[in-house]
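Engineer: Here's the letter readout for the chains.
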Amino acid sequence: MILGLRPPVALAALLAAMAAVVIAVFNWKGAPVTGQTFLVTTYIGLFLGALWAMYATGLVVVYTTTGVFNFAQGAIGVFAAFLYWELHVNRGWHSILALFVVVGLFAPALGVLLDVVIMRRLRTASLVVQLMVTVAIMVLLLSVVGDIWEADTPRRVPYLFGIENGIDLGPSQLPWHRLIVFLVAVAIAVAMRYLLRRTRIGTAMRAVVDNRELAALNGARPNAVSSTSWALGSMLGALGGILIAPELGLDPATLNNVVIIAFAAAAFGALRNLPMAVVGAMLIGLLRAHTGAWLDFGPDYRFAHLSIAPLILLFVVIALPQARLEVGRLAHNLRRHERFTKWWEGLIGCGVIILAAVALSGGWLDFGIWDPGAWGSRELNSANEAMAFALIGLSLVPLIGWAGQINFAPLAFAGFGAFVYLKLAGDTGDGYWILLVGLLCAPLGALVALPAARLRGLYLALMTMAFAQAMSLIFFPHSWILPTIGVGRQFPHIELFGVTFDDRRGFFLLIVSVFAVFVYALVLLRRSRYGRRWMAVNDSQAASATLGIPVVWTKVVVYALSAAMAGIAGVFWATVSGNVDSVQGFDLLIGFNIVLLVAAAGVSIPVAGIFLIFIPLFTGLGHRLEDTGNVDFLVTLLEIMTTYGPGLMVLGMVFNPRGAIFEMGRGFSPLLPWRSDARAEIAAENAQKREPEIGELGIERPFTPEEVIAIDRRLGILDDVVPKEGYGSARS
Amino acid sequence: MKHFRWLICLLAVLALVAAACGGNDDDDSDAATLAAAPTEASDSMDDGLGDDSIDDDMGDDSIDDDMGEDSMDDGLGDDSNAGPVATQEPEVDPCEAVDLEASDIGITEDTITVLVMADVGSPLSPGLFQGSMDGVNAWADHVNAEGGLACRQVEVVEHDSAINPTETTNGFLLACESAFAMVGTTVLFGLETTDLQSCPDAGGNEVGVPDFAYIATEPPHQCSVVTFATARPNSACPYSGSGPRTVQSQIGPVQWVMDNVTPDLSGLFLVPSDLPSTITSTMPQARAMASIGVDFHSVPGISGFTTQSEYGAFIQIMRDNNSNFAYTGSDGESMLKWRSEAEAQGLDADSIIWMCSLSCYTPDFLEAGDVVEGTYSWGWYLPFHETEYNQELADFIEAIDTDFPPAWAAGAWAGGVLLEQIVDEIVAESGPNGLTRQAVLDKARSLTSFDVNGWWGPADYATTQNIIPCFVLSQVQNGAFVRVYPEEPGELACSPESVVEHTRDWAADFGG
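Which chain is which? The protein sequence lines are L and H, in order.
Going by the numbering used here, 509 is the number at position 509 of the first sequence; the sequence numbering is gapless.
Going by the numbering used here, 396 is the number at position 396 of the second sequence; the sequence numbering is gapless.
Keep in mind the hints are simulated off the structure, nothing from the lab.
Treat the hints with care, since some could be wrong.
Claimed, not checked - Computed list of chain L residues with no C-beta within reach of chain H, every gap over 12 Å:
#	residue
1	Trp-93
2	Pro-108
3	Arg-200
4	Ala-356
5	Arg-378
6	Leu-424
7	Thr-428
Stated by the list, open to error - For each label pair, taking beta carbons as the anchor points, the in silico distance ranges come out as:
#	chain 1	residue 1	chain 2	residue 2	range
8	H	Ser-178	L	Ala-683	49 to 59 Å
9	L	Val-186	H	Val-482	45 to 55 Å
10	L	Gly-298	H	Gly-479	34 to 44 Å
11	L	Glu-150	H	Asp-110	32 to 42 Å
12	L	Asn-27	H	Ala-202	55 to 65 Å
13	H	Val-482	L	Ala-24	17 to 27 Å
14	L	Asp-502	H	Asn-260	53 to 63 Å
Glycine is no exception: its CB is placed at the ideal position from the N, C-alpha and C atoms.
Could you build the full structure based on these sequences and the hints that come with them?
Structural biologist: And the structure:
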């Protein structure tokens, strides 16, 4: 052990430190290093760290006490900051009163509401569902904020304690606000640590997450405990949001992105260690401040200082021991009673997809009350983008759906594919390079798989998120990767088999055909030995290894396949756009939305990717309705569906964790003549429902525990062990 | 109603004829203040610009003439020779003389459809450029109330591009299908303009859709042959997207400060570095200021994610170097963070010239209070409160129904007025049925001076490179923007000498 670190971790830390020194030397700005500048930069770093520590503390508290990693922590802070602005600035409430209402009343109420309505139902849900639902809450909260407080009114949250006065530091000063915030952040962390470790409620909180039933038997009230945890986490998120808002301005996306720094800080404390999380936040703050003060990275790496947190997250997640994060619930909840699609069923299904695309886009379908007609350029343009996203979403099916490897970086793989294609095909648009793109993207997937091979669940999700963020901040903005052009298209129209797909309808049919081929390939793959291996690894790595399945290699292959598919999809995505924006095009929220929609559809089902067309479909339908006029309410409805649809659909996973398409398939398949198995399954389920109905015994409700005791006593079964006061008093 | 429209059309034609007769035959201003007038006061600014190319390093070049002393006192109020419109007698009423026809896409016998596209409905930033849509609607209402355009009423179709490239392309496609022209376009993702430029007209000729945008941020949009942004790109086209590019910059405001406040300016220039386009559009400004003698200790980049505390690093640089100049090429929020951090760090703000362009010229900036007191802001049009000095500005403020509208609204309105002027010229030459996309594009491409009826400085639309050579400098005093130069209300300071031109690889020029 070196400084308490295992040798591999210590070596990695040493290498990272050396790399940091090299980077610093080569990017030294040349500004004079004075004691004053160093002092001011340091306290700024500590202040920023304190702000992020508040978010991180909330994350750790909720995770430690509920087992749920709350991706919506930042969005709660955003909502609270806007509400505080509304009360304090817009309505003129005193700052203390507004702070009390938001942090003391609203935030805990929101936390309890989330717990009661959503989180309690996720107790036994798989990690995939838990993560997706918190991401959905994030997206929904941000959408609500956008709807209530529109961006056309600039807003500013004042500093809570003012920054005009402070402690004199020679020519500079340390404003009271920053000192107070720093002390408050440290005090909160200490208080939370004390609460969790030294108090009865804290012990109960930790006990409930470890074993809910056992904790209940020992007098804990699990529901009250989890509500308290969510209330506390929400309060800390709200306080963090209100204190960060004056620093960044009231912009939902900017404020929400801060949470990634908090993720890195929380990971620094292994998601459970509060003091280390605070240390992590301070470290990131110091690195950010000192990097900004002393280093210049040039135009190509202009976001380097912003990538400190994702890089630390990436490094820490890979380096941390994983034992505590083994999640048994995943296999339990995704227990399959699989029926593999037959090869000819897949063939028919893919044929139907292509025919439906041709019929819809060609205007062959007339719905009686509404004849949509042939799609115009706009509809086709939206449909092409939607199909490109559907292709990207399809790459997640084997990875998340079958192998259980959570991946928030599909857009990073797609972008890499676009980059490779740009370098290979140049301005020729030669479509034959696309296959090579797939082959070249596969190694990137394998590269990500190597550290991922030892990760599961939440850590894997965080690692892929950090990877996506690092790619979007460092790789894609580089001018050589996706150089901007002045005229025409960065990505020319694809030319394949002597045909240039410069017509939107032709391109649509091409991309639908590629989608259908991918779906069919996945159908066959799922039936293959490899497909079953992936699912086996997902169910139990230990059992798979016992059966002789090479777990690491199996994971590497599925990552490579997913990356290859996403890379090819990226070529189509880039070609639809013509020019890819190297900064905004890879926004993490876009990647989140892709994963969200595929998960809501049912990520284990190949055709789930098609769900991604619904949002553009609604948008296109809105255009059509707007053109026809007099349907404002429908247009509004579609706008609401477009804005809130993804989040709401994912919240549906609370009740239907296997996804919408799975349920639709269950309802539809008994209608197919050859699906006697589906009819038999439904019949068996119905019979099972009827069997133990208490109503058939002449009883309208279950017995209460007291009644059970009374019956037992009447029957003379338990007189010896159960006193007349009941079980509870017997224990006490 | 029909008779009333006839009357309005008659008045419109009278106005048109009067304006046409007014002409723009002056070319007298090497250095002048441009007095705004209710009617056109356009000056051709084609002299001298090509000679100002400065290619060497920062700080080596300076513009020698003393703008503050000798170049701004020659008012052009007398030069506006478009007389009162009612004095002209009409010979024929084009609206009555012909049967109106659907002469091109987006034109019917009764209406002309224009499309305004802006990034409004992003889920995270709803309402972002709503001002552009409001500006175009206000302009259309105003034009319709005045009798319409080419004897027809203007109908506005709105398209929300939602900060999304696909929706931006959809907007171009919608305009192609249904609108005669685009007005007030305010989009951040004008990356793919093929559909805009190759759109067929009613005859099937791929002439494109005239796009009288407010801003064109990306090179493909800036260099689109059908786009005429009222906020001029000031950058040469065609452009490959990377490598050297010739850009013009306005150094008049800084020169005035050097001449009248303090001759030795040294300090920082902040570059908004989130997008390549923001880097390449602001770096020339820094280079231009350096060329007249401003000594920049650093030209750092800032992001939307930069916290106020992180501006502390800039404060330290300023303190270490005794800076007296602080310019941000970013928005008002950036200047506010900078100044607030200076206050937090105890920096003597009064000894520093704080400056930004129109991005600070917002009511929100003023609401920040004492912390922004003394900040300079310059622009290329008359301040919104000077309505009594310019009829166009007065009409705009009345139509938009707010005293301090967003800049998007002003730019979008200007796009409408630009279309209006061109259409009026076509109608005067070819009658109301001579109105086609091709005719509008031809006129726009040869338009060398357009000044939004005296409200803005004159812009040359024949090239994307030429900057508006005018400015007005304001300062926040007692919580309001007060003009400091030119001192006379209603005037703009116009001089070719206040324009410098550099050719560089601006992305590479940026340090980071």
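Engineer: Are the hints correct? Go through all of them and say.
Structural biologist: How the hints compare with the structure:
1. Trp-93: holds, 18 Å
2. Pro-108: About 26 Å separates Pro-108/L from the closest Cβ of chain H, which puts it past 12 Å; holds.
3. Arg-200: holds, 39 Å
4. Ala-356: With a cut-off of 12 Å, Ala-356/L remains clear of chain H, as the shortest Cβ separation is near 22 Å.
5. Arg-378: violated, 4 Å
6. Leu-424: About 19 Å separates Leu-424/L from the closest Cβ of chain H, which puts it past 12 Å; holds.
7. Thr-428: holds, 17 Å
8. Ser-178/H to Ala-683/L: 49 to 59 Å: holds, 55 Å
9. Val-186/L to Val-482/H: 45 to 55 Å: Hint holds: Cβ distance 46 Å, inside 45 to 55 Å.
10. Gly-298/L to Gly-479/H: 34 to 44 Å: holds, 40 Å
11. Glu-150/L to Asp-110/H: 32 to 42 Å: holds, 34 Å
12. Asn-27/L to Ala-202/H: 55 to 65 Å: holds, 57 Å
13. Val-482/H to Ala-24/L: 17 to 27 Å: Between Val-482/H and Ala-24/L, where Cβ atoms are some 46 Å apart, the hint is violated.
14. Asp-502/L to Asn-260/H: 53 to 63 Å: holds, 58 Å
Going through the hint list in order, the structure does not satisfy hints 5 and 13.
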